[in-house]
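Asker: If you want the building blocks of each chain, they are given just below.
2 protein chains.
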Amino acid sequence: MLSKTHTKYIQSLQHKKFRDETGLFFAEGPKLVGDLLNGAACICKEVFALEKWLLANPGMPARHPDTRFEMVEEFELEKISALSTPNQVLGIFEKFWSEKEPLLTGKISLVLDTIQDPGNLGTIIRIADWFGIKHIICSENSADLYNPKLVQSTMGSLGRVNMIYTELTGWLTRNKHIPIYAAALNGKPVQHFAGTKECMLIIGNESKGIQPELLALAGEIITIPKIGEAESLNAAVATGIMLSHFTN
Amino acid sequence: MLSKTHTKYIQSLQHKKFRDETGLFFAEGPKLVGDLLNGAACICKEVFALEKWLLANPGMPARHPDTRFEMVEEFELEKISALSTPNQVLGIFEKFWSEKEPLLTGKISLVLDTIQDPGNLGTIIRIADWFGIKHIICSENSADLYNPKLVQSTMGSLGRVNMIYTELTGWLTRNKHIPIYAAALNGKPVQHFAGTKECMLIIGNESKGIQPELLALAGEIITIPKIGEAESLNAAVATGIMLSHFTN
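So the protein sequences, as listed, match chains A and B. Numbering follows our numbering, in which position 231 of the first sequence is assigned residue number 231; successive positions increment by one, without gaps. Numbering follows our numbering, in which position 144 of the second sequence is assigned residue number 144; successive positions increment by one, without gaps.
The reader is advised that the hints may include incorrect statements.
The list cannot tell twin chains apart, which means a pair is met if one copy fits it or any two copies do.
[Unchecked claim] Result set (DSBU-like, lysine-lysine): computed pairs, CA atoms no more than 30 Å apart in a straight line:
no.	residue 1	residue 2
1	Lys79	Lys149
2	Lys52	Lys208
3	Lys226	Lys100
4	Lys95	Lys226
5	Lys226	Lys31
6	Lys188	Lys226
7	Lys208	Lys31
Hints were generated in silico from the structure; no laboratory data involved.
So here's chain A without its partners, still in its complex pose (with noise of 0.2 Å):
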């Protein structure tokens, strides 16, 4: 039985200034809890689960010591879920380590301005570990990295990528040594960067773009060609498209 105190703490993760002060998160859902268990980079405190999901995963218990398991009533579960259909088991993880200046020499990284939408951030972690993409560098008011609908969004993805939260004009200054790329309208068409191997492409924010003192430093302005009619394309969406051209 869940007491009302531990529901309490267990729902204020759902708020960053909780999860800022614990170090913790969670995540939910037999798939991803099951991923970031396994995972080596992550450490679980607490799942919390129906019977259901303890019987299909009779190990776990065993191979997690220093976790702790509690079975769930699903009425309980409804409680601590941030999702709208709670799915059989939700884990408290402390949050990832992060290396805050890596060697960037020789890889394709990626600089996110803004990325607002914790869904839209998700998906970008996902298709970053896609394409092999090791470092994501974000400008400090881009979504939490820890918010349960990214978390949710990266499907497993997260911790795979490592993830920087930082003033971004110093960051690309103190790099300038790596050829810094930007996407944005009227640049070059992205199939001339066919076998980029090392860059620093910068993504804006969906309805503002890139901020003009960042366009400002980069070397080279990359843009998908458009046929139709559409006015934009979703910054994830536009994301996948490059990173598969520099790949190519």
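Please arrange chain B on chain A, whose structure you already have, making use of the hints.
Answerer: Quick look at chain B alone, frame taken from chain A:
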């Protein structure tokens, strides 16, 4: 002042059943309502707007003599809106006319197998509109084109792409003079298909992929090469990547 009956009738359009019965749907926000009002393909029956919107768009009623414009208060807009933050204006439109048996020769068309998430389908329509795709053929169990979430996520591309809901096996068989390609794992790399001018590209449900009987009809299986570790790509992202290589 919006009557109770009128409020209920607008609210009922959140349900497919009532949209099908009335042949109507609604869209929200100055940008989207403006785009649809100004688009040639769309007949607008009614507009419910805050005074602010009416003042900012003084010429609208004169340009649309067949549309009824009504000023509403914020609390009334909240009642009829499907958005968590209502945005100035809601318009009620007649569903688009759809071309049921278009000529697909010399064109790239999309065939969507069970894309059930309205946001995903809306994003795919927007991508199709960017790349100049004229026709999307959806399985009958796909998200409804006039679902409020879908309408919002098309960002104005709704009505610029012809949407057909039909049984896909029959469709593909009838149109098999057009090359059938399928986006799936373990196929030829998408880069080999640069310059594709004519095909029907099948995109599958994210969790289940493409149904075996549809996959069997495909002349080519096309794959987005994976470098990292993510298990899959979002269906809309995969669509964007494929189309950007075809139109290379």
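Asker: Compare the structure with each hint and give your call.
Answerer: Hint check:
1. Both within a single protomer and between protomers do Lys79 and Lys149 lie at most 30 Å apart by alpha-carbon distance, with minima of 17 Å and 26 Å respectively.
2. In this homomeric assembly, Lys52 and Lys208 come within 30 Å of each other (Cα to Cα) only across copies, at 23 Å, whereas the closest approach inside a single copy is 46 Å.
3. Within a single copy, Lys226 and Lys100 get their C-alpha atoms only as close as 37 Å, which misses the 30 Å cut-off; across copies the closest is 26 Å, which meets it.
4. Proximity of Lys95 to Lys226 under the C-alpha cut-off of 30 Å is restricted to the inter-copy arrangement: shortest distance 27 Å between copies versus 40 Å within a copy.
5. For the identical chains of this complex, Lys226 and Lys31 are inter-copy neighbours only, at 20 Å across copies versus 37 Å inside a copy, given an alpha-carbon limit of 30 Å.
6. For the homomeric pair Lys188 and Lys226, the shortest alpha-carbon distances inside one copy (12 Å) and between copies (25 Å) are both at most 30 Å.
7. Taking identical chains as interchangeable, the C-alpha atoms of Lys208 and Lys31 lie at most 30 Å apart only when they sit on different chains, with a minimum of 15 Å there against 35 Å within one chain.
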